[in-house]
Each structure stands twice: as structure tokens, then as C-alpha cells.
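S.K.: What follows is the residue order along each chain.
Number of protein chains: 2
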Amino acid sequence: MKNILIIGAGRSSTACINYCLSQAKKNGWFITVADASPELAEKRINGHPNGRSAWLDVNKKNDRKDLISRQDIVVSLLPAHLHLMVATDCIQLKKHLVTASYVSHEMYRLGDEARDASLIFMGEMGLDPGIDHMSAMKLLNEIRAKGGKISSFKSYAGGLIAPESDDNPWHYKFTWNPRNVVLAGQGTAQFYEGGKYKYIPYSRLFKEYHLVDVPGMGEYEAYANRDSLLYREIYGVEGIPNILRATLRHRGFCDAWHALVKIGLTDGSYPIHDADKITYHEWMNAYLPEGNGSVKERMAAFLGEEINSSVMKKLDWLGLFRKKKINLSQATPALILERLLLDKWTLKTKDKDMIIMQHEIEYELDGKRKLVKSSMVMKGNDSIDTAMSRLVGLPLGIFVKLIIEGRITTTGVNIPVMEEVYNPVLEELEEYGVEFKETEIDLD
Amino acid sequence: MKNILIIGAGRSSTACINYCLSQAKKNGWFITVADASPELAEKRINGHPNGRSAWLDVNKKNDRKDLISRQDIVVSLLPAHLHLMVATDCIQLKKHLVTASYVSHEMYRLGDEARDASLIFMGEMGLDPGIDHMSAMKLLNEIRAKGGKISSFKSYAGGLIAPESDDNPWHYKFTWNPRNVVLAGQGTAQFYEGGKYKYIPYSRLFKEYHLVDVPGMGEYEAYANRDSLLYREIYGVEGIPNILRATLRHRGFCDAWHALVKIGLTDGSYPIHDADKITYHEWMNAYLPEGNGSVKERMAAFLGEEINSSVMKKLDWLGLFRKKKINLSQATPALILERLLLDKWTLKTKDKDMIIMQHEIEYELDGKRKLVKSSMVMKGNDSIDTAMSRLVGLPLGIFVKLIIEGRITTTGVNIPVMEEVYNPVLEELEEYGVEFKETEIDLD
Numbered sequence: 000m001k002n003i004l005i006i007g008a009g010r011s012s013t014a015c016i017n018y019c020l021s022q023a024k025k026n027g028w029f030i031t032v033a034d035a036s037p038e039l040a041e042k043r044i045n046g047h048p049n050g051r052s053a054w055l056d057v058n059k060k061n062d063r064k065d066l067i068s069r070q071d072i073v074v075s076l077l078p079a080h081l082h083l084m085v086a087t088d089c090i091q092l093k094k095h096l097v098t099a100s101y102v103s104h105e106m107y108r109l110g111d112e113a114r115d116a117s118l119i120f121m122g123e124m125g126l127d128p129g130i131d132h133m134s135a136m137k138l139l140n141e142i143r144a145k146g147g148k149i150s151s152f153k154s155y156a157g158g159l160i161a162p163e164s165d166d167n168p169w170h171y172k173f174t175w176n177p178r179n180v181v182l183a184g185q186g187t188a189q190f191y192e193g194g195k196y197k198y199i200p201y202s203r204l205f206k207e208y209h210l211v212d213v214p215g216m217g218e219y220e221a222y223a224n225r226d227s228l229l230y231r232e233i234y235g236v237e238g239i240p241n242i243l244r245a246t247l248r249h250r251g252f253c254d255a256w257h258a259l260v261k262i263g264l265t266d267g268s269y270p271i272h273d274a275d276k277i278t279y280h281e282w283m284n285a286y287l288p289e290g291n292g293s294v295k296e297r298m299a300a301f302l303g304e305e306i307n308s309s310v311m312k313k314l315d316w317l318g319l320f321r322k323k324k325i326n327l328s329q330a331t332p333a334l335i336l337e338r339l340l341l342d343k344w345t346l347k348t349k350d351k352d353m354i355i356m357q358h359e360i361e362y363e364l365d366g367k368r369k370l371v372k373s374s375m376v377m378k379g380n381d382s383i384d385t386a387m388s389r390l391v392g393l394p395l396g397i398f399v400k401l402i403i404e405g406r407i408t409t410t411g412v413n414i415p416v417m418e419e420v421y422n423p424v425l426e427e428l429e430e431y432g433v434e435f436k437e438t439e440i441d442l443d
Numbered sequence: 000m001k002n003i004l005i006i007g008a009g010r011s012s013t014a015c016i017n018y019c020l021s022q023a024k025k026n027g028w029f030i031t032v033a034d035a036s037p038e039l040a041e042k043r044i045n046g047h048p049n050g051r052s053a054w055l056d057v058n059k060k061n062d063r064k065d066l067i068s069r070q071d072i073v074v075s076l077l078p079a080h081l082h083l084m085v086a087t088d089c090i091q092l093k094k095h096l097v098t099a100s101y102v103s104h105e106m107y108r109l110g111d112e113a114r115d116a117s118l119i120f121m122g123e124m125g126l127d128p129g130i131d132h133m134s135a136m137k138l139l140n141e142i143r144a145k146g147g148k149i150s151s152f153k154s155y156a157g158g159l160i161a162p163e164s165d166d167n168p169w170h171y172k173f174t175w176n177p178r179n180v181v182l183a184g185q186g187t188a189q190f191y192e193g194g195k196y197k198y199i200p201y202s203r204l205f206k207e208y209h210l211v212d213v214p215g216m217g218e219y220e221a222y223a224n225r226d227s228l229l230y231r232e233i234y235g236v237e238g239i240p241n242i243l244r245a246t247l248r249h250r251g252f253c254d255a256w257h258a259l260v261k262i263g264l265t266d267g268s269y270p271i272h273d274a275d276k277i278t279y280h281e282w283m284n285a286y287l288p289e290g291n292g293s294v295k296e297r298m299a300a301f302l303g304e305e306i307n308s309s310v311m312k313k314l315d316w317l318g319l320f321r322k323k324k325i326n327l328s329q330a331t332p333a334l335i336l337e338r339l340l341l342d343k344w345t346l347k348t349k350d351k352d353m354i355i356m357q358h359e360i361e362y363e364l365d366g367k368r369k370l371v372k373s374s375m376v377m378k379g380n381d382s383i384d385t386a387m388s389r390l391v392g393l394p395l396g397i398f399v400k401l402i403i404e405g406r407i408t409t410t411g412v413n414i415p416v417m418e419e420v421y422n423p424v425l426e427e428l429e430e431y432g433v434e435f436k437e438t439e440i441d442l443d
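Chains A and B supply the protein sequences, listed in that same order.
No gaps in the numbering here: position 405 of the first sequence is 404 in numbering that gives the first Met the number 0, and each next residue is one more.
No gaps in the numbering here: position 428 of the second sequence is 427 in numbering that gives the first Met the number 0, and each next residue is one more.
Heads up, none of these hints are tricks.
Straight-line distance between alpha carbons at most 27 Å, and here's what the computed BS3-like set of lysine-lysine pairs gives: (1) Lys347/B - Lys323/B; (2) Lys25/A - Lys1/A; (3) Lys195/B - Lys276/A; (4) Lys322/B - Lys195/A; (5) Lys195/B - Lys261/A; (6) Lys60/B - Lys1/B; (7) Lys195/A - Lys312/B; (8) Lys261/A - Lys261/B; (9) Lys324/B - Lys195/A; (10) Lys261/A - Lys295/B; (11) Lys261/B - Lys195/A; (12) Lys295/B - Lys206/A; (13) Lys323/A - Lys312/A; (14) Lys206/B - Lys261/A; (15) Lys324/B - Lys347/B; (16) Lys93/A - Lys64/A; (17) Lys206/A - Lys206/B; (18) Lys206/B - Lys312/A; (19) Lys261/B - Lys206/A; (20) Lys195/B - Lys322/A; (21) Lys261/B - Lys295/A; (22) Lys312/B - Lys206/A.
It should be emphasised that the hints constitute simulated quantities derived from the structure, not laboratory data.
All chains should be modelled from the sequences, with the hints used to inform the complete structure.
M.R.: Here it is as C-alpha cells:
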């Protein structure tokens with residue numbers, strides 16, 4: 000019997016735990032779900048005979064090591080900064096480790112030790128990062144294998160609301176960490192275009208979006224990610240002239256979000272005075288010079304919008320001009336906005352989310368220029384069984400199975416860009432409806 | 000004989016050291032100038048019989064304490080973060096301390112100990128902060144003394160180039176730390192207007208400047224400081240509806256600086272790729288989407304400027320569109336800009352700088368609303384004897400004299416807002432040509 004420890008029983012753990020439990024009986028696995036809340040862990044196990052819950056305060060070293068020592072594989076769903084403790088234990092106790100988080104520099108430094116112990120520490124094994132790496136590498140390697148010369152790599156992903164559940168003027172609801180949505184894009188986006196580095200500072204990031212056609216779905220807005228160049232080497236695309244990674248939103252989102260950025264509402268660096276006393280209306284007034292006209296009229300003028308423009312309607316719908324108290328003390332603009340959006344952008348019970356991922360690759364083969372698009376669209380069932388949680392959790396579970404089946408020869412600290420990982424994971428994901436559809440057109 | 004230690008013999012120390020030396024003989028003072036470079040310290044003393052230089056590595060605790068133990072008063076001209084070490088020694092060895100730097104939280108925490116030891120630790124005793132506090136407090140207290148009810152306090156200051164030395168299209172040269180000029184305003188400016196808090200994010204700070212008339216000098220552009228509200232309590236103006244502190248620039252500066260901000264050139268948070276290989280022309284191209292037209296034409300379109308507008312001429316004059324190599328490796332945009340500006344904005348030997356400071360206070364007295372402006376304009380003699388260095392150094396020296404003369408009863412950690420400080424300091428500053436001229440008009 001193989002023992003699998005899943006640390007963290009939060010909302011994003013469901014799909015991974017369910018997958019592992021579904022495989023447990025036939026494969027002879029035993030799943031331990033550990034959390035600071037044993038009730039939550041118990042709920043995830045839900046009486047399954049091949050599972051048990053464990054109470055774990057992850058900061059208690061002895062408890063942690065005791066639990067890990069009795070496993071074969073550890074899946075850490077902890078917040079990213081806590082993985083390193085677990086990873087250090089795994090080195091010492093010789094256990095494999097799988098996470099869906101970005102691999103930190105500190106984690107990469109454990110690479111030699113993990114390799115020496117013949118262990119696989121796989122990070123970025125979720126959706127984005129995760130499925131994006133796997134599907135991009137598969138496509139890139141297929142084109143390279145047939146002799147294609149790649150000249151452009153663009154990769155898009157968005158966690159969206161499905162059209163049938165889209166009932167607000169922003170065409171957006173939270174399907175992921177709201178704080179990350181509010182702070183998204185801060186810094187300077189960097190990418191590569193026409194063989195040259197390009198930069199877009201945050202202050203104009205949401206204004207300088209472009210449109211992306213997703214076959215069968217229509218057009219979406221895309222704003223550049225900060226990290227387009229991060230995977231150049233690992234994807235083997237260092238030499239090519241166009242590299243972009245970007246985030247997708249429904250039409251109309253970016254212009255309105257740009258208005259929030261321009262006003263100053265996404266800033267998390269200083270507290271608003273008297274945020275516990277003033278109204279949203281007064282808050283908006285605080286960003287405008289004194290003048291004639293209502294706050295809403297002056298805001299429209301400041302933004303260069305008509306009073307009834309689509310952007311102004313979105314701001315209005317959020318209640319930014321309402322004489323209602325904010326009721327938060329010592330809150331930053333970003334926090335006030337996040338709380339306001341939480342009220343407005345929460346999934347209703349029956350709402351379906353939707354993930355779109357699309358890679359666009361231009362290449363030359365036999366003297367002809369081609370563009371291939373590889374697109375994946377997946378919808379959730381409801382506000383609990385979301386496409387987001389499924390697509391983050393399934394790759395983790397599938398990869399655990401690959402390790403147990405002895406199909407992984409790679410050791411050390413890695414992200415899923417190797418064929419022996421992406422091929423079987425993507426293949427099994429198809430059984431769960433995760434399908435990339437390719438369309439190719441000639442560019443000449 | 001009184002012993003005065005001045006730590007730091009850098010460029011900004013000249014006026015303070017010269018003042019102290021000039022007072023030394025008649026008052027029986029002995030001045031020790033300590034620096035990591037004994038030659039530089041020696042040069043400042045310049046053979047004066049009442050002075051000597053000392054070699055000091057300020058991080059060497061024993062050397063530092065040995066030197067301080069033999070003094071009566073210490074003036075620290077060190078970088079701000081090094082004052083605290085000196086302050087701790089001064090507590091232990093029972094010496095007074097004077098600096099021109101902002102008083103840090105850590106420094107304020109020494110207040111009780113300094114008071115218990117009957118010591119005065121005076122910070123912010125330069126120009127801005129320094130003369131701004133003293134002149135503002137004098138004016139505010141005079142109005143309050145005659146029964147005036149203050150409704151608006153605005154305070155402006157600028158380190159500028161004198162009109163007779165203004166020979167570039169920006170109407171600006173460096174008379175102070177270039178790095179601080181490049182990074183000025185980052186964050187969010189906060190002030191108080193019409194009884195309400197107001198916020199201006201950095202991305203629109205230089206666009207939302209206003210004009211300030213300085214009697215006899217004409218109009219200047221003013222952009223809000225980040226810290227307008229910092230001194231509300233200490234100035235005793237907490238209750239009044241309008242409080243603003245702002246920075247002055249010659250006409251035309253702010254629109255052009257806003258263009259640099261908008262492009263993204265003042266960002267110090269990430270390095271530009273291949274900054275050692277590319278030209279300024281390529282650097283500008285990196286902020287623009289690919290398209291038709293020259294980089295300069297596309298930049299004009301992006302900024303919403305005519306190709307020959309005043310703003311575009313200023314950018315052109317900096318050489319931002321020249322095919323000349325940047326030649327800096329791993330440099331941030333802010334650093335590249337700073338180095339470029341250093342070439343362009345350096346004072347020539349005979350150039351005169353100019354300091355303008357102006358307070359504008361509205362108040363009501365006997366049912367009548369009045370506006371009083373108190374303005375100070377001072378020019379330097381040349382690029383060494385600048386108004387800036389004089390106005391930073393003289394208050395320090397004068398305050399040392401006040402301590403020695405026993406005219407200071409205040410103890411603890413302070414900034415110069417008390418009458419026993421500002422009256423004699425401002426009075427003696429007048430002998431050096433530092434004169435605030437008042438003009439008053441009726442507003443009704």
C-alpha cells in the first residue's frame with residue numbers, strides 16, 4: 000500500500016483529494032489529509048475507507064516530520080511560503096513532493112539534494128502555472144519535431160465567468176484569490192516583440208490591452224503578464240523574436256479596470272484616512288480636485304468619459320458614488336476595493352466559472368509560414384465544483400499516480416516541461432474533459 | 000573653550016563649517032571636523048587656528064565614542080540612517096546633537112532619555128526641513144497671537160536654477176541629490192482641501208500641478224508633496240480645512256516630467272535588459288508598441304503631443320531619441336535617466352542656483368478674510384557656494400551658537416518649531432540675506 004499525504008484541506012484541495020480517493024481503492028493507496036482544522040480534513044475524506052484526516056499545525060516541526068515520515072509522497076497545498084519547511088523534511092525523510100505553486104529560488108536550491116536522494120520535487124503542477132507549461136511544451140516540441148522554425152509564442156489564460164452565469168456589467172466574478180485580482184499587474188510588464196524587449200508600466204497596462212480571438216468563443220481582451228520572459232530558457236524559445244504571456248478578460252473589463260487604476264483605487268501601500276467614517280462617495284471625491292458638478296460628473300470628466308459611458312456604468316454599479324459608509328478602519332485603497340468587489344463579484348451557488356487557455360504559435364515549415372492556435376475551454380459545474388479548482392487539483396493527483404506507477408525518471412526540483420510528465424498528464428486530463436483543440440492557418 | 004564636533008565633510012558641510020569657524024575665535028570655540036577622508040576634513044578647516052580635522056570611520060564604535068566624548072556639541076551631517084548610532088553615543092556621553100535630516104521614529108524614541116539627561120537633540124534644522132518649519136511657525140504664531148482664525152495653510156519650496164543661469168529647455172538643473180529628484184513624488188500625495196482629505200497618485204501628480212504666484216518673481220508650477228499632513232499637529236493646524244505642502248518648479252517642467260513618468264522612465268524597481276548594449280533610441284522604442292513612423296513620432300502620438308511641442312522638444316534635448324549607447328549594465332530606468340540628466344543638468348562653474356520658499360496663509364480677523372504670503376528668494380554665488388548649501392548649513396551653525404549661549408531651554412528630541420529657536424535663528428539668518436517678505440491682501 001502506498002501512502003499519500005495531502006497537506007492543506009482548503010477550498011482548492013477538493014479536486015486533488017477526490018482524484019486521489021477515487022484512485023485509492025483500485026491502486027491500493029492510503030490518503031492522509033492533514034490540516035490545522037481536522038474537521039475540514041475529515042469533511043474532505045468524507046468517510047472514505049482509504050482515507051483519514053490528521054490534525055497538523057505545520058509550524059510544529061516534530062508533528063510535521065512524524066506525519067511525513069509515514070508517507071511515500073507528499074502533496075503540499077499550503078500557502079507558497081510554507082512549502083520550504085515541508086520540502087526540507089522531505090529531503091531528510093526521502094519523500095517525493097508535489098505542489099501547484101511557483102517554485103521559489105530557495106526551493107530550486109534544494110535541487111542537488113533532491114537529485115542525490117533520487118527524489119522528484121515537482122512544483123507549478125496546477126493550472127497556471129501547470130497546465131500552461133505542459134500544453135505549451137507539448138505543442139512547441141511537436142512543431143520542433145517536424146522541423147518547424149518557431150518565430151512567435153503567445154500564451155493566454157483567464158479565469159472567467161461562464162457566459163450563462165455572466166449577469167453583471169463587468170462580466171467578471173471572483174473564481175480565484177480576490178486580493179491577487181485587485182493587485183494584478185502591479186510593476187512593469189515585460190515581453191519580447193519583433194526581436195526587441197518591450198515594457199508596459201502598470202499605469203497603462205489595462206489601457207494597452209489587445210484582442211484575442213478564441214475559436215468558437217469570440218474575442219477576449221488580453222493584458223500582458225509581468226513575467227512573459229520567465230520561461231524563455233526552459234521552453235527553449237530564447238532565440239525567437241516574439242514572446243508574450245497574457246491574461247484574458249471578457250470584453251469591456253480592461254477599460255473599466257484601467258479607470259480604477261487611474262483613480263488610484265488598486266494601491267495597497269497606504270491607508271485611507273478615516274476609512275471607518277467616510278462613504279464611498281466621499282472616498283471618490285478625495286481623488287478629485289474641488290469643482291462644480293457632482294462627484295460622478297467630475298469623475299467622468301477626469302476619466303475623459305461620458306457620464307453614461309460603459310466605464311462609468313461599471314463604476315456606478317460597484318456603488319462607488321453611493322453615500323454608503325465604507326466601514327473599514329486603517330484600510331488601503333486596494334483593501335477597500337477588494338471588500339467592495341467581494342460583495343459584487345462573488346459566485347452565486349449555481350454560477351459556473353470558465354477557464355480559457357490558448358497558445359498561439361507562428362512557425363515556418365518548408366518555406367511556408369503558419370499560425371497554430373491550441374485552445375482549451377472548460378466550465379465549472381457550480382460555485383464549489385469550479386473549473387478552476389478542478390484544473391488546479393487534477394494535475395497534482397495525476398502526477399502522484401505517475402510517481403507511484405514508476406513512470407517518472409526525472410529527479411530534482413522541476414516544473415512540468417518534460418515529455419514523460421506532460422504527455423501522460425495531458426492524456427489523462429482529457430478523460431476529465433480537458434481538451435486542447437488545435438486550429439492552423441497559413442499566413443502567406 | 001567649547002568643543003564642537005562636525006561629523007561629515009561632504010559638499011553640504013561647507014556653509015555649516017565656515018559659519019562655526021567664523022564664530023570660533025571671538026567666542027572661544029574649537030571645531031573638529033571628522034570624516035572618513037581626513038584630507039577632505041582638512042580642506043574644510045583650511046588651516047584655521049580654531050579647527051582641526053579628524054579621521055573617523057563612523058562604524059567604529061570606540062573611535063566614534065572617543066571622539067564624541069571630548070566634545071560639547073555634535074553636528075551630524077552623515078547620511079540619515081547613520082544618525083542613530085551617533086545619537087546613542089550622545090545619550091551615553093551626555094552631548095547635544097544637531098542634524099538637518101528628518102527625525103526618524105527610532106530617533107524620536109530617544110526623546111525621554113535625552114530629556115532626562117537635559118540634552119537637546121535637534122533634527123530637521125536645515126532648509127527643507129528646517130527653515131520651512133521655522134518661518135511657517137513664526138507666521139502662524141503671529142497670526143494666532145493677534146487673534147486671526149486660520150483657514151488655509153499652504154507652503155511651497157523649490158530648489159531651482161536662477162533665471163540668469165537658466166539656459167536649457169527644462170529650466171532646471173541639479174542643485175541637490177539627483178537620485179531624489181528622479182524618484183520625487185513616488186507613492187501617493189496626500190493633502191487636505193475644503194475640510195477633506197485629498198489624494199493624488201504618482202501617475203498623475205505632475206499632470207495635476209497648479210500655478211503659484213511669487214510676488215516679484217512671477218508664476219511657478221507646484222506639485223503636491225507626499226507628506227503635506229505630516230506636521231499638522233506640530234504646527235497646530237489640525238482643525239483647519241486646507242493644508243498643502245508642495246514643490247516649486249519653473250514653468251514647463253511638470254508637463255515634461257509627467258511625460259517621463261508616463262513612459263515609465265522614473266521606475267527604479269527593475270533592470271532594463273541589455274542596457275549595456277542598446278541605444279536611448281532603442282530604449283524609447285521598448286515602451287512603444289510596434290507601428291509605423293519613427294520612434295519620436297510614435298512617442299509623440301503616445302503622449303498626445305505634437306511632434307514639435309514644448310514637451311517633445313524637452314525629451315529631444317535630453318537625447319532620448321539619439322542612437323547613442325546607454326552603456327550601463329543592469330540599470331533600472333530611474334538610474335539610466337539619472338545618469339542622462341547628470342550630463343545635462345549639472346551646474347556650470349558660474350551657475351547660480353535659487354531657492355524659493357513661500358507660505359500662503361488665509362485667515363479671518365475681525366470678520367475680514369485675509370491672505371498673507373511670506374516669501375523668501377535666495378540665489379547662490381556659483382556652483383560651489385550655492386544658496387542650497389548655505390540655507391542647509393547656516394541654521395545648523397546658528398543653532399549650535401544658541402546652545403552654547405545657553406539660550407535653548409528645550410530638551411529632548413525636537414524639530415525647530417518653538418519660538419526660542421525660530422526667532423533668533425531667523426533673525427540671524429537675515430544678516431546672511433535670508434529674508435521673508437510679507438504681502439497681505441483682503442479676500443473679501
